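**Student:** Those protein sequence lines, which keep their order, are chains S and C. Going by our numbering, the first residue of the first sequence is number 1, and it counts up by one from there. Going by our numbering, the first residue of the second sequence is number 1001, and it counts up by one from there.
These aren't lab readings, by the way, just hints derived from the structure by calculation. What you are looking at is a predicted structure, and each value in this text was computed from that prediction instead of being measured. Just so you know, even glycine gets a beta-carbon here, dropped at the ideal spot from N, CA and C. It cannot be assumed that every hint is accurate.
Said to hold, decoys possible - Simulated coverage check for chain S against chain C, where a stretch passes if three residues somewhere in it have a Cβ under 8 Å from a Cβ of chain C:
id	stretch
1	12-26
2	73-85
3	107-118
4	243-250
5	299-307
What the hints assert, rightly or not - Non-contacting residues of chain C with respect to chain S, defined by C-beta distances greater than 10 Å in every case (computed):
id	residue
6	Ala-1093
7	Gly-1144
8	Glu-1146
9	Asp-1217
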Amino acid sequence: MTLAAPVPAMAASLSGLIAGRRRIGLYVLGGLALACLLLAVVAIGQGAIGIPPGRVTEILWARLTGDGALLEGRDALVVLNIRLPRVLLGLLVGAGLAVSGALMQGLFRNPLADPGLVGVSAGAGLAAAATIVLGDRFLAGTLMKLPFAMLPFGAFCGGLISTLVLYLIATRDGRTSVATMLLAGVALGALSGALTGLLAFVSDDRQLRDLTFWSLGSLGGASWSKLSIVAPIILPLLLTMPLLARGLNGLMLGEAEAYHLGIPVQRIKALAILLVALAVGASVAAAGLIGFVGIVVPHLIRLSVGPDHRLLLPLSALGGAILLVAADIVARLIVAPAELPIGIVTAAIGAPFFLWLLLRRAGGALDV
Amino acid sequence: MSEAAPVLSARNLGFHAGGRALVAEASLDLRPGSTTILIGPNGAGKSTLLKLLTGELAGSGGGVRIGDEALGAIPAWRLACLRAVMAQHSRLAFPFSVYEVARLGVDGVGRALTRQRREAIVAEALAAAGVLDLAARRYQTLSGGEQQRVQFARVLCQLEAGRSVAERQILFLDEPIASLDLCHQLALLDMARTIAARGVAVLVVLHDLNLAVTYADHLVVMDRGRIIAQGPPAETLDDALLRQVFRVGLSLSRAPAPGLPFLLPQQHRSRQAG
């Protein structure tokens, strides 16, 4: 003990405080994980054919243990081939979008950064549209034989390019200007939107229907084959995030301070950009443009457990998964037997929330 | 004291931006156990020189060596064990608590330590910087001076955690007392001297000349990007140099009791007289 010994009473209250924080974090983590699981079971039961949660659990359990008798029949078919891939896709895409939002906010040191808001999703959407319209026209005989391989790849490239352009425009002399980032993001989003519109103009009827699907977002097209393409892209993001948490915490002080703390700043930034582009590209390709998950979820988590990325990132993943699966239930039930595009539901929840966030900021609640 | 081999030696450093030399031909040694204080007018290149010495900027010309190694060849994590840096301003993007900010100092460098040891280091550093009672507060709700003390606590954490890895350490403080009241100014500089007494080489950028001459073992005077004088404070400063560098009429005197030099601005009085 070389430094001055702390006053014992205050040090004791400090360690009590630390333990309390850790306990709250663990409670929230456990609570969200449980909620996620229950919601998934409920979501599998909802739809044109209602299946009670108990039956859903039985079927899933039978599938896991390989009990053949229960796997015959209509309910099992609906659960295993239609509902389960849809719910799993919702969980993955929701988690991916929320973590992408949290990563971008950490990277830009701003709680308003979000892949949808700063044009990254629009870039991925443009690339997806280009793949649908132009790929169909020029590459029909060759690459387009693998539509679900080409689409995520195209959307991924679009997301990566927009993220890089945004970062290069907003960063000068190693400092990322938040105002420039938001303005450049709006401009990039508008440009991507205009080019997507141009593609819609030259597309035929079938392509136009596909494009509309992308721009509003839906989990309707979920299948095991689609899931098998999307999962290997989003899962690495979810598994890599613990590696980024400490670096992002350091970055909160500024890039120079993070470097002084021994954090490999450039590597963290490059990895975060790559992962965001991957996850957003895959989500856009699988489920279209779904906005506001990336901004609502991390903010709520920060309000409840604080901004430490070691908790924020996993909790955001759970929160995003819950939000998207819940939004999908609403989208399926509210105009049944038809289906509302899920992008409408998340925007209807997210946009008012975003306005509330701005009003609170004006009141001085967040000093940014 | 100047017998000890330098921990850090910079030779003929230069840095240019926009066709202007911000730092030119700067050579400097930092020795273990010695407090070096860097003074100079605004825009003299003090902060730029500090950034060159910490590795944040890569300069032209000579180079910086820490021990036997070139600064540029040392990976960031090992550099973080060797030296801690407190910058002029630190703004925080998200509402971290004071405890969490200080803990950033041990999170990376102290990875090998046990959790109990890391928590003890943070508590000691918060106490040493006089902010233990603020530990649960949000950093953004603190005053500028309190924030500066929290940043000091973070730097203390990093030094303490790095001690388990590196024996010869350096502490860089860029205007660490700019927002502090007199009591905390003196407390922070006393703490810096205590750390130096433990064998750490300390470099402080200061504006208050009286505090600079009081606390420095080695004084470095910069003007227009160049080091124009360095040495023990009493031998380094004289009236002509001060007038030339700071463009203010100053006269160097000696306090009666400990024989320390001190400075009083003369301009105002001479104007009154004239």
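**Student:** Determine for every hint whether it applies to the structure shown.
**Tutor:** How the hints compare with the structure:
no. : hint     : in the structure
1   : 12-26    : holds (count 4)
2   : 73-85    : violated (count 0)
3   : 107-118  : holds (count 3)
4   : 243-250  : holds (count 3)
5   : 299-307  : holds (count 3)
6   : Ala-1093 : 4 Å, violated
7   : Gly-1144 : 13 Å, holds
8   : Glu-1146 : 14 Å, holds
9   : Asp-1217 : 20 Å, holds
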